[in-house]
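K.L.:
The lines below spell out each chain.
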Amino acid sequence: MREKGLQTLLVYEGGRHNFLRMNYVAYLTDFISVGPETMLLVPLEDAPVLYLSPVWDIPRAQEESFVREVRAFKEFWSRLAALSGNAGLIGREAMSVGLHDQITKALGRTAVNAKDIIENLARSKTPFELERLRRAAEIADAGVKALHEDARLGLKEYELAAIVEYRMRSLGAEDNFGMVVANHHNQALHPPTDRITQKGDIIIGEITPCIGGLFVQICRTMILGEPAPVVREKYAILKKAMGLGMEAATTGAPASAVAAAINDTFIEYGYEQYCRPPFMRVRGHGLGCGSFAPGSLEDANQTRLEEGMTYIIHPNQYLPETGYLTLGDTVVMTKTKAESLMKSSWDIFIKE
Amino acid sequence: MIFGRHSVLKRGCSTWDPNEVPQAEFQARLDNVRSEMARQNFDALVIYGDNYSFADLCYLTNYFPKVRGGIAVVPRDGAISLLLNIGSRDVPFAKTLTWVEDVRASNNVGADGAKLLKERGLERAKIGLTDSGKGFPLLQLEEMKAALPTVTWHACDPLMVSDRLAKTPLELEAMRAAGRLLNTICREAGRLIKPGRKEYEIIADIDRLARDQGAEDIRILAGETRLNPPSFKRAAAVSNHWAVYLAVQHERYWSEAGRTFILDNDTKRRSAYDQAQAAVAQMARELKTGGAVAAIGETGRRALGDFYATALVYGIANGIGLNQWEAPFLNESDAQEVGAPAIGPTILAEHMTLALRAAFQTEGKMIIFGDSFEVTADGAKSLLIS
Chain E
203 MREKGLQTLL VYEGGRHNFL RMNYVAYLTD FISVGPETML LVPLEDAPVL
253 YLSPVWDIPR AQEESFVREV RAFKEFWSRL AALSGNAGLI GREAMSVGLH
303 DQITKALGRT AVNAKDIIEN LARSKTPFEL ERLRRAAEIA DAGVKALHED
353 ARLGLKEYEL AAIVEYRMRS LGAEDNFGMV VANHHNQALH PPTDRITQKG
403 DIIIGEITPC IGGLFVQICR TMILGEPAPV VREKYAILKK AMGLGMEAAT
453 TGAPASAVAA AINDTFIEYG YEQYCRPPFM RVRGHGLGCG SFAPGSLEDA
503 NQTRLEEGMT YIIHPNQYLP ETGYLTLGDT VVMTKTKAES LMKSSWDIFI
553 KE
Chain V
213 MIFGRHSVLK RGCSTWDPNE VPQAEFQARL DNVRSEMARQ NFDALVIYGD
263 NYSFADLCYL TNYFPKVRGG IAVVPRDGAI SLLLNIGSRD VPFAKTLTWV
313 EDVRASNNVG ADGAKLLKER GLERAKIGLT DSGKGFPLLQ LEEMKAALPT
363 VTWHACDPLM VSDRLAKTPL ELEAMRAAGR LLNTICREAG RLIKPGRKEY
413 EIIADIDRLA RDQGAEDIRI LAGETRLNPP SFKRAAAVSN HWAVYLAVQH
463 ERYWSEAGRT FILDNDTKRR SAYDQAQAAV AQMARELKTG GAVAAIGETG
513 RRALGDFYAT ALVYGIANGI GLNQWEAPFL NESDAQEVGA PAIGPTILAE
563 HMTLALRAAF QTEGKMIIFG DSFEVTADGA KSLLIS
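Protein sequence lines correspond, in order, to chains E and V.
The first sequence: position 45 = 247 (the working numbering), numbered continuously.
The second sequence: position 255 = 467 (the working numbering), numbered continuously.
Hints should not be assumed to be uniformly reliable.
To be verified - Sample of chain V residues facing chain E (criterion: CB under 10 Å; computed from the structure):
{"id": "1", "residue": "N274"}
{"id": "2", "residue": "V303"}
{"id": "3", "residue": "V312"}
{"id": "4", "residue": "K445"}
{"id": "5", "residue": "A447"}
{"id": "6", "residue": "A449"}
{"id": "7", "residue": "R514"}
{"id": "8", "residue": "I555"}
As the list claims (entries may be wrong) - Within a straight-line C-alpha distance of at most 25 Å, the following computed DSS-like cross-link-like pairs (lysine-lysine) qualify:
{"id": "9", "chain 1": "V", "residue 1": "K222", "chain 2": "V", "residue 2": "K307"}
{"id": "10", "chain 1": "V", "residue 1": "K480", "chain 2": "E", "residue 2": "K358"}
{"id": "11", "chain 1": "E", "residue 1": "K347", "chain 2": "V", "residue 2": "K307"}
Just so you know, these hints were derived from the structure itself, not from any lab.
C-beta: ideal position from N, C-alpha, C; glycine also.
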C-alpha cells in the first residue's frame, strides 16, 4: 500500500466463494462470507474493519477471522464518505455496476485497481495454507477410495457423485467442484445425470474438495467390469503424459513446459488434433483460494513455476477410441520440482 | 434473510425431461415476455444469469448455469440464443438442459454477446438488460456496451417479476418434489442428530439424503447457538440442541424448511420452539387468495411477541421459486437485502408460493421453524406434505 501511495484498501467479496477466482476477503481474514455484500476496509495505519451482510452472520465473522471490528454493511457508507487519501479497490470483478458506481460516488473519485497487491503476496502458499491443502488432499483421496469401494452397476450417475460427496463431507469438506459421470464413451465431464450405470461403463471423475476455502483437485478413471484392451492401451498414454508433465514441472520452468510435455505425448501417438479445442484446452491450472498462479497450463503461459505454488496437472483427454479419460493430481512446487499432494494410484481402477 | 454458502458448482442431478416439462410451457412464458417487450418497445432482451442467480434466464430457457454465467439473447421475433461461459466441448451437455437450439460457448459473454447482437442485426436496437442477481461480470458488461455504442440500453430487472409470481401446475409440481425431499430429510434428521456426533458428519448425512434423491443443489446452515454454513471448523460434537435450515433445488425450483432438534427436556426452549411452530402456522393461515401480504407480517409480529425483532433479522416471509428469495416480499428492506428488483404485490394471488419461517435465539440457543407453502383459494397448502 505504501509503495502504491494508498491510504486505504477496500477489499470486496459478494458471497460467491469459487475456485475460479480469488476470494480476497477470505485470503486476508479466513472468513468465508455467505451474504451478498462483504467489504474489508484496511487503513494503512489503523486496524481493519469488516462490513458485511446479513447482520446475523457478524458473530461468526468475529469468531473465525482475526478482525475484531465487524459491522453491518450499511455502516460502510458513512466510513467510506469520511475517507481521505488514495483508496485501492480489490474485488472489482465480483461487483455489480451499481455497487461500483455507488462506491465511486461516495469516494468522490474512482478507486485504484489494487488486486495485484494480494495476488502477488499469494503466489506462493504459506505453511498454514499448505497444511490445509494437504488435509484437503487426504479428503480428495478418501473421496476416490469411496467411489472405488461403493460404485456398482445399477446406480445412477448422481448416486455415484453422492458417494464421493458423502465421504468427503463426512471428513469436513465444505464444498466440492465435483463431477462424476459414467458411460461407455464419455464425451466430456459434466454434472451427473440420472443415467443408470451399466457393465463396461468408464467412470470418470474430477473431484475438488474445499477446506477452509482452499481447493485441491484429483482426476481419476475407473471401470465397472473388465476394460477392453483399447481402454488399457489408451489410458497408458495418459499415465505416460502425467509422468512427463510432472518431470517437466521443475522450479523456474515456464508453465507452458508442462503443457508441452503432455501435448507432445499425445502428439507422439497421433492425437495432435485432440490436443486443441473443442477437445482439450489446458493441461491444468492454479488451485487454492489465495492465488491462481501459475494460471492455466497451456502453450502461451510463460509464468515461471515458483516454490510454494500449487496447481493441478491433468492430462485429461478425449480420445476417439475410448471417449474422455481423466487423470490428474494437485502438486506443490518444492525448491526443485513438483511434488504431488495426492496418494491415490494413477492406475485405472477396475471393479469387477 | 437466510443466506447459505453458495455451491461452487451445481453438481446434483442435472436433467430435463421434455415429456414432463414440455417446450410449450416455455413458449407460453416467452409469448408473455414478448408482449411486454412490445409494450415497452424493446427490440431484444439480454438476460444474464449464473449459478448464484439464474431465475430469469431459466424461466425462459430452462437452462441453469452450473458454474459460470451466461446470457440469453431474446429478440422480439425469431429464435433465442444462449451464450454460455463454458467450453465448446460442454455445449452438447448444456443442450440437454434447454429447449433452445442455438447454444454457444464463450469465455467472455460480454465481448461475444456484442458480436451475437450485431449478428442478429441489433447494433442499433433498444435493448432491455435483465440481471436480477447483479452478477454480470462488470468488466464484461462494460466491454459489451462499449462494443455497441449505438445500442440504447434499459435496465429492466423487474420485467418478469409479475409473470413469475403465480406458479403454473408444472412449476408447482417441481416445488412439491423439492418439498417432499425436504420432508424426508426433516423426518430422517431426528435419527441422524445425536449427541457426540460432529456437526459436519451430520451435515454429510443430510446432504447425502438430498443428493441420493436427485436434488440439483442444497443449502444447509446449522448449529447450536446460530446458523453456520458447513465448515471443517465445525468439528464440535452436537450436544442437546441443534437447529437446521435447509433449502433444496429440484428441477430448478427451490423449497425451504427449518427445524430445531431439542434433545433434552428444557421446557423453556421447547416452549420457544412451540411458539415458533405456532407462529408459522398462524402466518400460513394468512396465505389465502386475496389476502394482504402485510397481514403475514402483522400476524408474525403478534405470534412471535418478544422474539419478533430477532426473527425479522432472518426474515419471516418471502416468495420462493426459481429463486430462494423472490417477490412477494414483506417490505422494501427484505427485497433490498437480497438485491431483488421489486418488492412485488401487496395482495396474494392463487398459486403464489412463499417460504415462512421463525428464527431467533433464546437461552443462547438457536430456534428455527419454517416451511414452504402454496397460496390457494382454500388457504395455504404445504409444499412439504403433498
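K.L.:
Please check whether I555/V passes as an interface residue: C-beta within 10 Å of a C-beta belonging to chain E.
P.N.:
17 Å, violated
K.L.:
Please verify that hint: R514/V, Cβ, nearest Cβ of chain E, below 10 Å or not.
P.N.:
The hint is violated - R514/V has no Cβ within 10 Å of chain E, the shortest such distance being about 23 Å.
K.L.:
Does V303/V pass the interface hint, meaning its C-beta sits closer than 10 Å to a C-beta of chain E?
P.N.:
8 Å, holds
K.L.:
What's the verdict on K222/V and K307/V, does the C-alpha distance respect the 25 Å limit or exceed it?
P.N.:
Holds - the C-alpha atoms of K307/V and K222/V are around 16 Å apart, at most 25 Å.
K.L.:
If you take the shortest Cβ to Cβ gap from V312/V to chain E, is it below 10 Å?
P.N.:
At about 17 Å, which exceeds the 10 Å cut-off, the nearest Cβ of chain E leaves the hint on V312/V violated.
K.L.:
Could you grab the alpha-carbon distance between K480/V and K358/E and see if it respects the 25 Å cut-off?
P.N.:
Outside the cut-off at roughly 46 Å; violated.
K.L.:
With 10 Å as the cut and Cβ atoms as the points, is N274/V at the interface with chain E?
P.N.:
Because about 15 Å separates N274/V from the closest Cβ in chain E, which is outside the 10 Å limit, the hint is violated.
K.L.:
Does the nearest C-beta of chain E fall within a distance shorter than 10 Å of the C-beta of A449/V?
P.N.:
14 Å, violated
K.L.:
With a cut-off of 10 Å, does the beta carbon of A447/V approach a beta carbon of chain E closely enough for the hint to hold?
P.N.:
Holds, because the Cβ-Cβ distance from A447/V to chain E comes to roughly 7 Å (cut-off 10 Å).
K.L.:
Compare the distance between the alpha carbons of K347/E and K307/V with 25 Å, and conclude whether the hinted pair is satisfied.
P.N.:
32 Å, violated
K.L.:
For the hint on K445/V, does the least C-beta distance to chain E fall short of 10 Å?
P.N.:
This interface hint holds because 7 Å falls under the 10 Å limit.
In this structure, the earlier hints numbered 1, 3, 6, 7, 8, 10, 11 are contradicted, and the remaining ones agree with it.
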